[in-house]
Amino acid sequence: MSDLELSVAAKDTERPKLTLSRRLWSAVLPVALVMLLLGFAAVDRGVLSPANLLNIAQQTSYLALFAMAQTVVILTRGFDLALGPTVSMVSVGSALMMAGAAASGHDSGTVLLAGLGAGFALGIACGLFNGGVIALLGVNPFVATLGSYNIAIGIATTLSSGRPVQGVPPLFSQIFYGGSLFGVPAAIVITAAIGVGLHLLLARTVFGRSLYLIGTNPRAAAVAGLPVRRILVATYVLCSGLAALGAIMLTARTGSGEPNLGGALSLQAIAGAVVGGTSLAGGRGGVGTAVLGALFITILSNGMNLTRIDGYVQMVVLGAIVIIGVLLDRLRQERRQ
Amino acid sequence: MNTMLVAASPHRSISLRSIAGRIGLLPALLVLLVAGMSAVDPQFYGIINVLNILRNASLLAIVACGQALVIIAGGFDLSVGAVVALASVVTAKTMAVTAAAFPGSNALIIASGVAAGLGCGVAVGLVNGFCVAKLKVSGFVVTLGTMSATAGVGLMITNGIPVYGMPEIFVKGFGRAQAFGLPTAAHVALIVILMMVFAQRRTLFGRYVYAIGGNVDAAVVSGVTIQRHIVGTYVVSGALAALTGILLTAQVGSGQASFGGDRMMLQSIAAAVIGGVSLRGGVGRIEVVAVSALFLTILGNALNLLHVDSRLQPVFLGVIMVAAVALDELSRRSKPRV
Numbered sequence: 001m002s003d004l005e006l007s008v009a010a011k012d013t014e015r016p017k018l019t020l021s022r023r024l025w026s027a028v029l030p031v032a033l034v035m036l037l038l039g040f041a042a043v044d045r046g047v048l049s050p051a052n053l054l055n056i057a058q059q060t061s062y063l064a065l066f067a068m069a070q071t072v073v074i075l076t077r078g079f080d081l082a083l084g085p086t087v088s089m090v091s092v093g094s095a096l097m098m099a100g101a102a103a104s105g106h107d108s109g110t111v112l113l114a115g116l117g118a119g120f121a122l123g124i125a126c127g128l129f130n131g132g133v134i135a136l137l138g139v140n141p142f143v144a145t146l147g148s149y150n151i152a153i154g155i156a157t158t159l160s161s162g163r164p165v166q167g168v169p170p171l172f173s174q175i176f177y178g179g180s181l182f183g184v185p186a187a188i189v190i191t192a193a194i195g196v197g198l199h200l201l202l203a204r205t206v207f208g209r210s211l212y213l214i215g216t217n218p219r220a221a222a223v224a225g226l227p228v229r230r231i232l233v234a235t236y237v238l239c240s241g242l243a244a245l246g247a248i249m250l251t252a253r254t255g256s257g258e259p260n261l262g263g264a265l266s267l268q269a270i271a272g273a274v275v276g277g278t279s280l281a282g283g284r285g286g287v288g289t290a291v292l293g294a295l296f297i298t299i300l301s302n303g304m305n306l307t308r309i310d311g312y313v314q315m316v317v318l319g320a321i322v323i324i325g326v327l328l329d330r331l332r333q334e335r336r337q
Numbered sequence: 001m002n003t004m005l006v007a008a009s010p011h012r013s014i015s016l017r018s019i020a021g022r023i024g025l026l027p028a029l030l031v032l033l034v035a036g037m038s039a040v041d042p043q044f045y046g047i048i049n050v051l052n053i054l055r056n057a058s059l060l061a062i063v064a065c066g067q068a069l070v071i072i073a074g075g076f077d078l079s080v081g082a083v084v085a086l087a088s089v090v091t092a093k094t095m096a097v098t099a100a101a102f103p104g105s106n107a108l109i110i111a112s113g114v115a116a117g118l119g120c121g122v123a124v125g126l127v128n129g130f131c132v133a134k135l136k137v138s139g140f141v142v143t144l145g146t147m148s149a150t151a152g153v154g155l156m157i158t159n160g161i162p163v164y165g166m167p168e169i170f171v172k173g174f175g176r177a178q179a180f181g182l183p184t185a186a187h188v189a190l191i192v193i194l195m196m197v198f199a200q201r202r203t204l205f206g207r208y209v210y211a212i213g214g215n216v217d218a219a220v221v222s223g224v225t226i227q228r229h230i231v232g233t234y235v236v237s238g239a240l241a242a243l244t245g246i247l248l249t250a251q252v253g254s255g256q257a258s259f260g261g262d263r264m265m266l267q268s269i270a271a272a273v274i275g276g277v278s279l280r281g282g283v284g285r286i287e288v289v290a291v292s293a294l295f296l297t298i299l300g301n302a303l304n305l306l307h308v309d310s311r312l313q314p315v316f317l318g319v320i321m322v323a324a325v326a327l328d329e330l331s332r333r334s335k336p337r338v
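Line order of the protein sequences matches chains R and B. With the working numbering applied, the first sequence covers 1 to 337. With the working numbering applied, the second sequence covers 1 to 338.
Just so you know, these hints were derived from the structure itself, not from any lab. Just so it is clear, the structure is predicted and the values come from calculations on it, not from any experiment. Even for Gly, the Cβ is constructed at its ideal location relative to N, Cα and C. Treat the hints with care, as some may be off.
If you want the ones that stay clear, here's a sample from chain B, every Cβ over 10 Å from chain R, calculated [unchecked claim]:
{"no.": "1", "residue": "V34"}
{"no.": "2", "residue": "G46"}
{"no.": "3", "residue": "V142"}
{"no.": "4", "residue": "V221"}
{"no.": "5", "residue": "Q227"}
{"no.": "6", "residue": "L266"}
Restraint ranges, calculated between C-beta atoms of paired labels, are given here [said to hold, decoys possible]:
{"no.": "7", "chain 1": "R", "residue 1": "L181", "chain 2": "B", "residue 2": "N304", "range": "23 to 33 Å"}
{"no.": "8", "chain 1": "B", "residue 1": "L126", "chain 2": "R", "residue 2": "V31", "range": "25 to 35 Å"}
{"no.": "9", "chain 1": "B", "residue 1": "L126", "chain 2": "R", "residue 2": "R308", "range": "30 to 40 Å"}
{"no.": "10", "chain 1": "R", "residue 1": "R330", "chain 2": "B", "residue 2": "H187", "range": "39 to 49 Å"}
{"no.": "11", "chain 1": "R", "residue 1": "L48", "chain 2": "B", "residue 2": "I191", "range": "51 to 61 Å"}
{"no.": "12", "chain 1": "R", "residue 1": "R209", "chain 2": "B", "residue 2": "V50", "range": "53 to 63 Å"}
{"no.": "13", "chain 1": "B", "residue 1": "A177", "chain 2": "R", "residue 2": "L136", "range": "43 to 53 Å"}
{"no.": "14", "chain 1": "R", "residue 1": "G162", "chain 2": "B", "residue 2": "A35", "range": "30 to 40 Å"}
{"no.": "15", "chain 1": "B", "residue 1": "A35", "chain 2": "R", "residue 2": "R308", "range": "20 to 30 Å"}
{"no.": "16", "chain 1": "R", "residue 1": "P227", "chain 2": "B", "residue 2": "V319", "range": "48 to 58 Å"}
{"no.": "17", "chain 1": "B", "residue 1": "A28", "chain 2": "R", "residue 2": "D107", "range": "53 to 63 Å"}
{"no.": "18", "chain 1": "R", "residue 1": "L331", "chain 2": "B", "residue 2": "A218", "range": "49 to 59 Å"}
{"no.": "19", "chain 1": "R", "residue 1": "A103", "chain 2": "B", "residue 2": "E168", "range": "29 to 39 Å"}
Model the full assembly from the supplied sequences, consistent with the hints where possible.
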């Protein structure tokens, strides 16, 4: 697709004309979600129980956070394949820091701050590396983050000797996993807050809007006088920073620093963003698409687990869903034009 | 700019300086690595180690050739690792079933197994190609989906347990055999590389792949049938990945769903990219990709022999990948653009 077409498509999304067919199309995914839930509920009543719904919401909040991180860079026609290994590295790094600080006899507040500081520092370093290589050296995002994927995996497993890092203070887990606000678990609260903040950032600030412009037409963005390179670096730092936050939440859940935590997360996060309707061609998507996609994937795998569908079959279904989801989105776009 | 490169490449291949420019530092690095390792560790040039390197490099090179072709046409194939696993499992299973039905008729057993394995690769390639070319879904997403699905089917067939029951001759007479001192995989890889180089330079298909990757619109206007050739690249990539799966199966003696995987997929992309294939499409040569596969294999082997912690090894791979592409990008920037 040419830049011109893309920018026309983007203009369309910015000022939605609420015709009937467009309303129908934009409702496809939410309707599919409800149908999916009801379908699973027909097989197993437990799917709709309050406990399981809360479970789904909690599960979704992690994936949604990672999908949001991925969406930010995908908006600029980028990728972050290193997201999963970044999560592993942050998990191991913050756990080691906390274990070390606790062992040297600091009080629990200092230990927590040291862990958070180490985690975010590692995440931001990763983002700076990605952003620097992509924006300043002009390396394709796929290669750059594939490189940092390997580097981050190497660092995470070397630091931890490939074993889980013990010694995470209980207070850490109590706050970031066990904690709750008005009965809502911490993971959901954090993701919701980040989601609102990120939405405002993307929709209402110059920085956010410039991401869309860079994604739809990088040349136009440069001609318009945007500091494209600086913005790109900031984008990757933002992505890795969000990944670091997710890593801290996951570390609190497991109670130890896990070198294998990231595993398939990079691709899952991309799948979540893309199924929700984020365009890999750049310039289209947002917090809403990331959350929808994450919700869809989580409900699907939760339902398949509860209805006892074989794990290997689940892989096939997820693969098919990713393709069908993007195909539907493609058809939806064609309708618009 | 891409179209210019495509148009100019046949002439460029004549001048020696431009060959060095296109291949870049890779052969020099390779020679340096081999010389350095030979000086440090005599084990490195021992016959066992050399055969080991050749075997692994051949397997990687075959997959990387297919991957390179897809990337040159402007796509991506994330499913190759999963295809290696599926082909391995299906080949072994088919052979075991045929052997039970027609005991003793080895030719039939082997033919059916190999055909089934290659068939899987072609089938996955067709699905990839159909979704990319006809349904216009991005190659990254399609192959991400088929990767998950293919790996799932492989595991479903075996439940994660290795499949035995292949004829002895397939393993001993083919997989672990050596002819003229080279392992079977090396012979197969050589044939594949020669065929691919020929296809790239001397056939319409090869030239069209460059044209499509370089500038789709220009290719359409020039009357190239885009869809058929894009499907073709994915089918070749799937078939070559399946071939690697079959070779691995013959070498190990069992079909395993754990072959290939994400590691093989990422390495094949790394080999293609370090070998000068541009992710923008339209640029890249199979022979350089093969050299790059050899380089990556020797690098891993050298790190092992030097007792570098296996956990730390990915860091080297990552740094070299980024550095290779960054150098390429910087040298391109310094060249004047016509």
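request  = Could you tell me which of the hints above the structure violates, numbers in ascending order?
outcome  = 3, 6, 7, 15, 16, 18 and 19
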